[in-house]
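Going down the list, the sequences are from chains A and B. Under this note's numbering, the first residue of the first sequence carries the number 8, and numbering increases by one thereafter. Under this note's numbering, the first residue of the second sequence carries the number 342, and numbering increases by one thereafter.
Source of the hints: derived by calculation from the structure; they are not laboratory data. Please note: incorrect hints may appear among the correct ones.
[Unchecked claim] Quick look at which bits of chain A chain B covers, simulated, 3 or more residues with Cβ under 8 Å:
1. 74 to 81
2. 124 to 133
[Unchecked claim] Label pairs and their in silico Cβ distance ranges:
3. ALA553/B / TRP100/A: 39 to 45 Å
4. LYS62/A / ASP436/B: 25 to 31 Å
5. ARG483/B / LYS62/A: 48 to 54 Å
6. LYS62/A / GLN473/B: 25 to 31 Å
7. ALA595/B / TRP100/A: 17 to 23 Å
8. TRP100/A / PRO438/B: 44 to 50 Å
9. ASP94/A / ARG483/B: 54 to 60 Å
10. LEU65/A / ASP436/B: 41 to 47 Å
11. GLU590/B / TYR112/A: 52 to 58 Å
Cβ coordinates follow ideal geometry from the N, Cα and C atoms, glycine included.
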Amino acid sequence: MDAVRKPGFAEQVPAGPLGTAPAAPAETVRQAPGEAGTAARSERQFRIYEIFVQKDHLSPHVWVGSVAAGGPEEALVLAREQFLRRDAAVSIWAVEQQAIHRTDYADRDFFARETDKRYRTLAGYSQANAERWRKYRRALLDLEQDFVRD
Amino acid sequence: MDRASVIALLYQLADDELVVGHRDSEWLGLAPHIEEDVAFSSIAQDEVGHATLFYNLLADLGEGRADDLAFLRPAALRRNAVLLERPNGPGSYLDQPQFDWGYTIARRLFYDVFDQIRLEVLAGSSYAPLAQAAVKIRREERYHLIHHTTWFRRLATGTDESRRRLAEGVARAWPDVGGLFSPGEVEPGPVFPATPAELWDRWVAALQPLFAEVGLAWPGRPDPEGASPDGRRGQHTADLAELLETMGEVYRTAPNAAW
Chain A
8 MDAVRKPGFA EQVPAGPLGT APAAPAETVR QAPGEAGTAA RSERQFRIYE IFVQKDHLSP
68 HVWVGSVAAG GPEEALVLAR EQFLRRDAAV SIWAVEQQAI HRTDYADRDF FARETDKRYR
128 TLAGYSQANA ERWRKYRRAL LDLEQDFVRD
Chain B
342 MDRASVIALL YQLADDELVV GHRDSEWLGL APHIEEDVAF SSIAQDEVGH ATLFYNLLAD
402 LGEGRADDLA FLRPAALRRN AVLLERPNGP GSYLDQPQFD WGYTIARRLF YDVFDQIRLE
462 VLAGSSYAPL AQAAVKIRRE ERYHLIHHTT WFRRLATGTD ESRRRLAEGV ARAWPDVGGL
522 FSPGEVEPGP VFPATPAELW DRWVAALQPL FAEVGLAWPG RPDPEGASPD GRRGQHTADL
582 AELLETMGEV YRTAPNAAW
């Protein structure tokens with residue numbers, strides 16, 4: 008079943024010097040009955056909603072896939088059955104795909120990491136600082152050395 | 342405890358859920374779009390699960406094995422409302438199905454609202470196992486009601502075609518609506534603390550505002566002398582016999598097999 012559509016697929020817009028252009032506007036909202044219609048009104052008008060599920064109150068919402076629906080209430084109702092047939096959850100978010108802004112996969116420079124950034128990591132803490140702190144704490148609590156004078 | 346009323350009531354509940362669950366399951370692969378197909382099939386499975394609960398309560402009361410009650414009883418012994426045994430539309434899955442989504446949604450919504458009210462009444466039943474089952478089932482049925490109400494609104498406020506087909510479905514389902522409320526062999530009492538008139542009033546109070554909201558004409562009270570047979574007294578249509586034939590076909594080949 009092709010219910011999973013990742014955001015960004017097949018919607019690439021060429022990147023200009025300032026970045027990606029915004030995605031095409033959403034399809035029009037369904038009109039009230041009785042309004043003068045065009046041929047388009049007899050076609051189904053679906054939007055794609057990206058679905059995020061929170062499995063329990065201590066977990067974050069996680070992207071699980073997407074559904075095609077006519078509106079947000081329907082998206083939530085359908086998402087319950089598409090993604091929660093087997094798993095329990097406490098919350099569902101439905102976000103219109105058009106409301107999601109994305110980077111361009113072709114724009115590699117956006118994610119460039121050319122220089123050494125080991126200063127951002129925690130590597131080396133356990134060898135240097137942690138050892139020193141352990142030594143200081145041991146020294147603080149050494150009764151024999153500091154308090155027993157005989 | 343009025344044992345006869347409890348048993349009659351349980352048969353009504355169990356047969357209602359089983360028959361509507363089977364009719365819903367016939368939409369598998371034929372629903373308007375794929376996510377709706379999954380959701381609708383899920384709901385059908387839920388209904389059959391509820392029927393299982395009720396048939397098990399009947400088995401506990403000594404009526405026989407739950408599977409036998411579900412699959413082997415003939416149409417004359419069934420106590421479901423006739424609204425639920427009507428076909429979804431012309432044809433069958435194997436032979437040019439032309440099922441009617443507007444009718445299905447109308448029928449499902451009318452039944453779901455009725456069932457919600459009936460389960461609320463049963464939560465106060467004097468027969469404890471039934472009251473407990475009703476509380477559990479009502480929580481699941483709430484999703485069904487949300488689902489079908491959403492569809493009802495979407496069809497009614499969508500395109501001209503959807504609105505027309507929903508209105509036709511409502512009109513076709515309406516003569517059978519009265520049959521939902523027939524008491525059958527159940528006496529109002531501590532086991533079922535409500536009268537058919539009270540159920541009807543609550544049903545109308547729930548649905549009339551929805552009709553007004555979406556601008557559909559309220560069809561008014563169904564003709565009590567209407568032609569629809571009273572399923573709760575065992576009067577059914579040929580459609581039910583056909584449904585039971587299909588539904589029980591596999592079970593009947595070996596009723597004592599372990600599945």
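_When the structure is checked against the list of hints, which entries are broken? Sort them ascending._
2, 3, 4, 5, 7, 8, 9 and 10
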